[in-house]
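*Asks:* Sequence:
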Amino acid sequence: MRHPGYVGFALVLLSLPAVLDFMPVWIPSLAAIAALVGRTAMEDRLLRAELAGYEAYAERTRYRLLPGVW
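Counting in the working numbering, the final residue of the sequence shown is number 76, and the numbers go up one at a time with none missing.
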């Protein structure tokens, strides 16, 4: 997994509705997770273009956020 910090943040966002006991928090939480997924894809493109060795690293660590999925 190439972005474990982002996964941790997504888990925090997913837990907010239960922690706050306020279900409408799902809306901004899911929007933030969607933005996070987009940022991850954009960041990977930038790192592949700008950082020597990132391509090899990305090949070794195949998944960005969810092992076995993406």
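Calculated from the structure, these hints are not laboratory results.
Warning: the hint list may mix true and false statements.
What follows is a set of in silico ranges between Cβ atoms, one per label pair, in the way DEER data are often shown [said to hold, decoys possible]:
1) L53 - G14: 14 to 24 Å
2) A24 - G44: 33 to 43 Å
3) A58 - W32: 36 to 46 Å
4) T67 - S21: 23 to 33 Å
5) E61 - A41: 21 to 31 Å
6) T67 - G44: 36 to 46 Å
7) R68 - G14: 13 to 23 Å
Cβ atoms here follow ideal geometry from the backbone N, Cα and C, with glycine treated the same way.
*Asks:* Look at each hint and say if it fits the structure.
*Replies:* Cross-check of the supplied hints:
1. L53 - G14: 14 to 24 Å: Hint holds: Cβ distance 19 Å, inside 14 to 24 Å.
2. A24 - G44: 33 to 43 Å: Roughly 25 Å apart at Cβ, these two residues miss the hinted range, so it is violated.
3. A58 - W32: 36 to 46 Å: holds (41 Å)
4. T67 - S21: 23 to 33 Å: Roughly 26 Å apart at Cβ, these two residues keep to the hinted range, so it holds.
5. E61 - A41: 21 to 31 Å: Cβ of E61 to Cβ of A41: about 25 Å, so the range 21 to 31 Å holds.
6. T67 - G44: 36 to 46 Å: violated (20 Å)
7. R68 - G14: 13 to 23 Å: Distance hint for R68, G14 holds at roughly 19 Å.
Taken one by one, the earlier hints fail for this structure at numbers 2, 6, listed in ascending order.
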